[in-house]
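Residue numbers (the numbering used here), protein chains in the order written: chain A, 52 to 245; chain B, 52 to 245; chain C, 195 to 442.
By construction, these hints were calculated from the structure, which means they are not laboratory data. Because the structure is a prediction, the values reported are computed rather than measured. Ideal placement from N, C-alpha and C gives every residue a C-beta, glycine not left out. Treat the hints with caution; some may be incorrect.
What the hints assert, rightly or not - Just some of the chain C residues that point at chain B, by a computed CB distance under 8 Å:
#1 219
#2 221
#3 262
#4 301
#5 302
#6 312
Each chain, letter by letter, is given below.
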Amino acid sequence: MNPLSQLIEAALFSAARPLTLEELNDLDPDVSLAEVRAAVDQLREHYDFDGHGVEVVELGGGFQILTRPALASALERARVAQRSSRLTAAMLETLAVIAYRQPVGRAEIEDIRGVSGAGVLRTLQERGLIEVVGRSEGMGRPLLYGTTPLFLELLGIADLGNLPRADEFAIALQPPTPTVSPDSDAAAYVEADA
Amino acid sequence: MNPLSQLIEAALFSAARPLTLEELNDLDPDVSLAEVRAAVDQLREHYDFDGHGVEVVELGGGFQILTRPALASALERARVAQRSSRLTAAMLETLAVIAYRQPVGRAEIEDIRGVSGAGVLRTLQERGLIEVVGRSEGMGRPLLYGTTPLFLELLGIADLGNLPRADEFAIALQPPTPTVSPDSDAAAYVEADA
Amino acid sequence: MTAPEAPSLGLGSGNAFVVELEQFTGPLDLLLHLLREEQIEISDIPIARIADQFLRVIHELGLNQAADYLEMASRLVRLKAQMLLPRPGDEEGWEDPRAELVRRLLEYQHIKEIALWMDRMADRRSLRMPRGYLPPPPELPPPPLTLDLLEVLGAVERVIAGILHPVMHSVVARPLNVEAATGRIQALLAERDEISWAEALGPAPSITDVLSTLLALLEMARRGQLVVRQPAPFTPLVIRREPALAAD
Chain A
52 MNPLSQLIEA
62 ALFSAARPLT
72 LEELNDLDPD
82 VSLAEVRAAV
92 DQLREHYDFD
102 GHGVEVVELG
112 GGFQILTRPA
122 LASALERARV
132 AQRSSRLTAA
142 MLETLAVIAY
152 RQPVGRAEIE
162 DIRGVSGAGV
172 LRTLQERGLI
182 EVVGRSEGMG
192 RPLLYGTTPL
202 FLELLGIADL
212 GNLPRADEFA
222 IALQPPTPTV
232 SPDSDAAAYV
242 EADA
Chain B
52 MNPLSQLIEA
62 ALFSAARPLT
72 LEELNDLDPD
82 VSLAEVRAAV
92 DQLREHYDFD
102 GHGVEVVELG
112 GGFQILTRPA
122 LASALERARV
132 AQRSSRLTAA
142 MLETLAVIAY
152 RQPVGRAEIE
162 DIRGVSGAGV
172 LRTLQERGLI
182 EVVGRSEGMG
192 RPLLYGTTPL
202 FLELLGIADL
212 GNLPRADEFA
222 IALQPPTPTV
232 SPDSDAAAYV
242 EADA
Chain C
195 MTAPEAPSLG
205 LGSGNAFVVE
215 LEQFTGPLDL
225 LLHLLREEQI
235 EISDIPIARI
245 ADQFLRVIHE
255 LGLNQAADYL
265 EMASRLVRLK
275 AQMLLPRPGD
285 EEGWEDPRAE
295 LVRRLLEYQH
305 IKEIALWMDR
315 MADRRSLRMP
325 RGYLPPPPEL
335 PPPPLTLDLL
345 EVLGAVERVI
355 AGILHPVMHS
365 VVARPLNVEA
375 ATGRIQALLA
385 ERDEISWAEA
395 LGPAPSITDV
405 LSTLLALLEM
415 ARRGQLVVRQ
425 PAPFTPLVIR
435 REPALAAD
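Next up, chain A with everything else stripped away, as it sits in the complex:
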């Protein structure tokens, strides 16, 4: 692949949107638009000729690299395979904290559960059980999560107020505040003195 095609491939790969020939020309102002056009064609032919899983597609006046439609069903199968029917213990615990403490941010969930994972939140979100419901005003404005209607539907309850022991658990599920037992401390003090 020639250097211009290489650059165009990297650009089409990393861009979040289709790129026009003019935009692609910005990559190397020393070449002509015709040369850019030829390099795009060369990239397309290379993908086709070597049987790549992706192809160059012209759409909306620009170019984009997309996966071949023929592979869509296999990609979908993989996505389905990655979902199992039961939630793991970690997922259930995270879901429980979100259900009773919503809206709640990731750091607070981790503080309460004592273990964590971005993966767990992502999976719960992908499975449609939780969703982003806003942002906290706190440092870094973290995302806040809440449960979805699907969650209520699966549990067979009408609304969040019908969660068993809603108030009690909302209070019990708080980030721990380490406290020092006053008595043991005073005892240590006296001992040291005696």
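Position chains B and C relative to chain A; hints supplied.
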């Protein structure tokens, strides 16, 4: 390119994160993990041999397609893609402690850095670079932190085993009690005392 | 790290720049900087000189309000005093009071090196761009998800079991009772000229009892009703009635 490599290429293109071999295996349950591994290698070699603008990189516990480093400045100049912003010195120091001491509690991190405050930990947590991995058995059962796969992605390394050993840096992490030369010190002392 | 090199501090300039505040990630960072500027080995710190410089710099940079810097400042001042104490005759038994600081500085310097390495790695990594366009996930048939209320409640219980103090208890402030402590001490001193610290505390004292007793003693000492003294360093306090009973 063979059908499996083609499928893997399409999957890696449509995910903006590293995919594990197991995830890639879901694309075709009829092949073995070793065959998946071989197909990934074939794809990588193809990219290298044909001089593509992208390459297959092993990082963060999986594989990801990324643009080649040499093309970064052209992509930035043409405003196609942006490099991610750098972490602050405080974030890097905190990550350094956590990476090499994990699982590690906040008190130990603060003690080593000589700085107190939950702000940096919270920010790293929100950015998904660290996570709570458990609780210490000690007083107050403080939370223990560890690094995430995203941290490995950030550095571009495959797993924690790829971090340099602590003693490969100029100074050992836990030096033996510093030996003070008695002579030079005694001399200094006499001067100060005089 | 991100900042290439901390600039020379210009100790005489007398200007407190907020910009410079961000040059240091903490007191250890500042201390290392001072040692580097003076080209001093960490293992042999001239404490008196460095302590003075540290105090001057945090004052000039307006860091003398920051707790972490103040704590380091007081540590350095204490070390400076300890270095001036006469050393016991045998060199063998002498423990360098700087040892702990030296250990911390070496450890911190090591962390900084690792952080620098990480910064370089992340910088190099950021030259590789990931895929920018993420196709929206196709509409998949609803996954065969099973979930019931019992599972969720079981998870709640597991989480609560892992929390240190799961039930929210109302925190009642226990006020210090200096009057009661004063009364107890006065009663004891009515019988004897001298009592011990443990006696003044009373049986099974709580932390608030300890604080109440301490405040009562200080107040009574201020009024000249008693004298608190420590016969030798690290020995228990002795509380003595003033004036003594005999002279009453």
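Now the hints, each set against the structure:
A distance limit of 8 Å between C-beta atoms decides the matter here; for residue 219 of chain C the minimum to chain B is near 5 Å, and the interface restraint holds. With a least beta-carbon distance of about 5 Å to chain B, the hint placing residue 221 of chain C at the interface is held under the 8 Å criterion. Annotation: residue 262 of chain C was flagged as interfacial toward chain B, and the flag holds, the nearest CB pair being 5 Å apart, inside 8 Å. Of the supplied interface hints, the one on residue 301 of chain C holds, with its beta-carbon coming within about 6 Å of a beta-carbon of chain B, less than 8 Å.
Against a cut-off of 8 Å between C-beta atoms, the interface hint on residue 302 of chain C holds, since the closest Cβ of chain B lies about 6 Å away. Nearest Cβ of chain B to the Cβ of residue 312 of chain C: about 5 Å, under the 8 Å cut. The hint holds.
Checked against the numbered hints above, the structure breaks none of them.
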